[in-house]
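Given chain C, work out where chain E should sit, using these hints.
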Amino acid sequence: MRHLLSTADLSQAEAIQILDVADQMAATQKREIKKLPTLRGRTVVNLFYEDSTRTRISFEAAAKRLSADVINFSAKGSSVSKGESLKDTALTLKAMGADAVVVRHSVSGAPHRLAHAGWIDGTIVNAGDGTHEHPTQALLDAYTLRQRLVPDAIGADLKGKRVAIVGDVLHSRVARSNVTLLNTLGAEVVLVTPPTLLPVGIDHWPCTTSYDLDDVVNGGHGDLDAVMMLRVQRERMHDAFFPSAREYSRRYGLDARRMNRLPEGALVMHPGPMNRGLEITAEAADSPRSTIVEQVANGVAVRMAVLYLLLSGQAEGKDA
Amino acid sequence: MGSYVIKGARPLGGPATDILIEDGLVTQVGPVTASGAQVIDADGLIALPGLVDLHTHLREPGREDAETVETGTRAAAMGGWTAVHAMANTDPVADTAGVVEQVWRLGREYGWVDVRPVGAVTVGLAGERLAELGAMADSAAGVRVFSDDGHCVWDPVLMRRALEYVKAFDGVVAQHAQEPRLTEGAQMHEGSVSAELGLTGWPAVAEEAIIARDVLLAGHVGSRLHVCHVSTAGSVEILRWAKGRGIDVTAEVTPHHLLLTDELVRSYDPVFKVNPPLRTAADVQAVREALADGTIDIVATDHAPHPVEAKDCEWGVASMGMTGLETALSIVQEAMVDTGLLTWDQVADRMSVKPARIGRVASQGRPIAAGEPAHLTLVDPTARWECDPATQATMGRNSPVRGRTMHGRVVATIYAGRPTVLDGVLNEALSEVPL
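Those sequence lines, one after another, are chains C and E. According to UniProt numbering, the first sequence holds residues 1 to 320 in order. According to UniProt numbering, the second sequence holds residues 1 to 435 in order.
One thing to keep in mind: the hints can contain errors.
[As the list claims (entries may be wrong)] Chain C residues, not near chain E, derived (Cβ > 12 Å throughout):
{"hint": "1", "residue": "30"}
{"hint": "2", "residue": "61"}
{"hint": "3", "residue": "88"}
{"hint": "4", "residue": "113"}
{"hint": "5", "residue": "114"}
{"hint": "6", "residue": "130"}
{"hint": "7", "residue": "175"}
{"hint": "8", "residue": "215"}
{"hint": "9", "residue": "223"}
{"hint": "10", "residue": "258"}
[What the hints assert, rightly or not] Distance ranges between label pairs, derived from CB positions:
{"hint": "11", "chain 1": "E", "residue 1": "294", "chain 2": "C", "residue 2": "244", "range": "47 to 55 Å"}
{"hint": "12", "chain 1": "E", "residue 1": "405", "chain 2": "C", "residue 2": "96", "range": "56 to 64 Å"}
{"hint": "13", "chain 1": "C", "residue 1": "211", "chain 2": "E", "residue 2": "294", "range": "39 to 47 Å"}
Derived from the structure by calculation, the hints contain no laboratory data. Beta carbons are placed, not taken as given, at the ideal position from N, Cα and C, and that holds for glycine.
So here's chain E without its partners, still in its complex pose:
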């Protein structure tokens, strides 16, 4: 493996310095002179630990028309990520050791980021009986995050058992909080816009009721709970209460819920159709503040690519979901950094350190210091660019920020000592991924 010296970067937004990378490790942080290493000019760039996404849909196996492990991980690298957690709602569902190992091996084969498969909580995501969580945990993929994402683990007994069972291997259940009966046929956030547009509402209470139940369950059995894509002000209040009680709960927010509101649905353009739905401006403000004060722990993309035809139709029949890997950091900069709500140090915490900790990815989310694995992201916060889905690495064209002027750009991503992205374009994948 080569050696690189990153010249003049600002680690976590601090003072500029040099970072020497040799054989996949950071070997020196400080002025580096004449090392013979390849120079990466990072004058004015922020250096962050490589970003870790706890919530990515890579679609393979089964929906390779939407995304593959290869295209999804290329997109991840472009977005500054060095690890992604691949959600379980593939076809076949990732509910066995065989499927999670397949996805894990594909990730290693392509070598763009560390692919960490998420295992399904229940067989076939059907919510009826537990999948073999232990087998997935013990597999080569070493699964620690379990989720039926796309479906809520609605049955309270099943949820309780899952929360208890994963304690045996330090796992976490990541809940898609959606009361199914309250959201039958739901098309968008239930409120003044849905009333006008005549679209069936997805009430905030359907999310909040499940979160309230689950934090109580997690507290009762002493388990770790993670809440996916928190979208409402009421959910934030419940999480704040639970954390105050010492319940071991973590939560994520998506970039789109930090930026966009249900007013966009007035266009009836299905690119804005997503689950949970875009909420109101007051909800956006609440989740921003919660991310700033730590009530919401992390940003996770819920990157959900779809083939064009799934969105090029009328709202009611369109698929739910938005892409996010290549725009997440820019949205976080716009919504959180440029508004003064987060420092770059805190961005590193919310997008790398904490998600790595929740997912038990020991080698990632590490300090930028000598002796640490070299997973780094270099960001130019002054850059402005227009989002054009046609030029993105993801196969999905369903970006809700298409045409928008984005704040800040990922200039380079370094995964295990290798620049996967350099000068804002894909460079080279890792040929041999360290275990």
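Only chain C is shown next, with the shape it has when bound in the complex:
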């Protein structure tokens, strides 16, 4: 594995390996001295064309705890805002000797382009591209699911687990990455969304779909092990994806009433940042079922694992 661009690039063995290494990384984070010397002397650039404080600091913490040098390159306050092309930025980073570039971009496929256009030699990690993928989010979600739902987590997959992903699938890179990765790990996925927010052309996706959250919560697609709520942008109602924020909440929001009908032990997940009161109420977000804060903590461990496997494999001249 040279780059991490899409969860579709991961075999089941590779995905499990990342989760297992993340487990080891998480263990090191309980020590008093959290820093490991593994990536000393390596340079990781966080190239962020979109504001995303939480993802950037998660990658930054991960790289720093592996002793890598970290350069944060954000669109604001850099030459990007003066109109420099992605190619020229890539050539600059190449000249500066970046070993890995973690890229967040508003255009789908921008990390793929960076990895394959011949502009740069380093490893590319997709930290979210447009409405395409966000593979490390899916990995940390899978890690969280496995940690909470599988007793002997190490080496295990998610076979037999059933996850509902609820909300704006059309515009969600988190949903795309999760559908693929959860399927790779053997879990079942149900997408629950208003028909306007389901992409055209997903007949062959490895999941089922529903327009009825109550039915899915009540077990209409089988007992759920987790409900993953997606962020919904209020602006979408201006494009007539739904009539009003209130109607969206009523039909597709997770409130206490729906949450209490979930099977015992079923988790409530959200990739953040949340719109409290829109797709999720405070009762659901702050309940004991909620893994939302854990997801953030697990994000650092998973990103440490990804950077470690990509960069240390490269150093030894072999595929990780």
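For chain E alone, kept in the frame of chain C given last:
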């Protein structure tokens, strides 16, 4: 002007014979002995009437960094074309007699092919009010094809008026069929690949809805309509229905829509970004069959050169368009002739006779016969070559078939009796273009 004898060519793929050209005309088709004319050895080559492109972006005036009339017409000659229709979306837009005459004069000055400017339907392509279509028709350029290509004439009243108005001078409106609201921010064909790649979809219905509306309008007012770059199976069905009803509609398909599919977008390489987008394999099959059965009348390139930086970037910010002049005939051979869907006779019909008729280019698309203007293309159907944009005559490097092994090669192009291309390389332009 010199005289030439083409020895042993097969007109329209028929039996081999000789073609004598004198003073810009074909003067004899049949065995020619000792004429004193310069001999062009055409043993094994197919002779076609010079190809006529109804849809070319020459970019001049305004975007000479992408292409000029000179480079674009050199590329056209290399591709076997003897006439091209220069699209109106230049800067300034070709929406006045002045601009179309300028482009027309540049074409004559360079003398590689007959440049027929297309006039804009609306002022500035803005879709708000009609451009002075009559002035462009009456100008020296003699415009007969009007198009806002790149933009759809969306307003149904404006479209109706344009269709009616051009009847006064036997013009035709060439519609870029794209419902604008259904394609806001569209990046690629909407379907299973766009769903996976997370790129905003360009649904087939956005093309089909406009074609359906326009054929009904054309039927209602009794006008001639031409549909640019048809790309979907549904569009083919609507055109078939309209023709069955006797509506005067013609349609074109591009070489790339005859060959390539949206699966190529998985590379996120913007060289495959084009409008209308590459569609599915089922659509490719449908447009091939439609071209074969005549539902789609012609092949037109939609040659759209761009400077390197417009494609050397991420997909979402890249320009739409592909070059096509120098590869069109090879693609048609691969997709249509080598698959048994078209004979060479029919290729001549789809790439010369019919487009000349739609564009009202009286001197082109003529039979290969004594007394006719000598616009000819000689093709070696057995040749195989690799497409390398760096060696092409167009300034555009954005060929979607770069690196591909191409079927058949244009060996010679003869424009008004002068070989503009000989032995597969540019030869000589016409110094004095006949009116």
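Status of each hint after checking the structure:
no.	hint	verdict
1	30	holds (37 Å)
2	61	holds (27 Å)
3	88	violated (10 Å)
4	113	violated (5 Å)
5	114	violated (8 Å)
6	130	violated (5 Å)
7	175	violated (10 Å)
8	215	holds (24 Å)
9	223	holds (28 Å)
10	258	holds (27 Å)
11	E:294 to C:244: 47 to 55 Å	holds (51 Å)
12	E:405 to C:96: 56 to 64 Å	violated (40 Å)
13	C:211 to E:294: 39 to 47 Å	holds (44 Å)
The structure shown violates the earlier hints numbered 3, 4, 5, 6, 7, 12.
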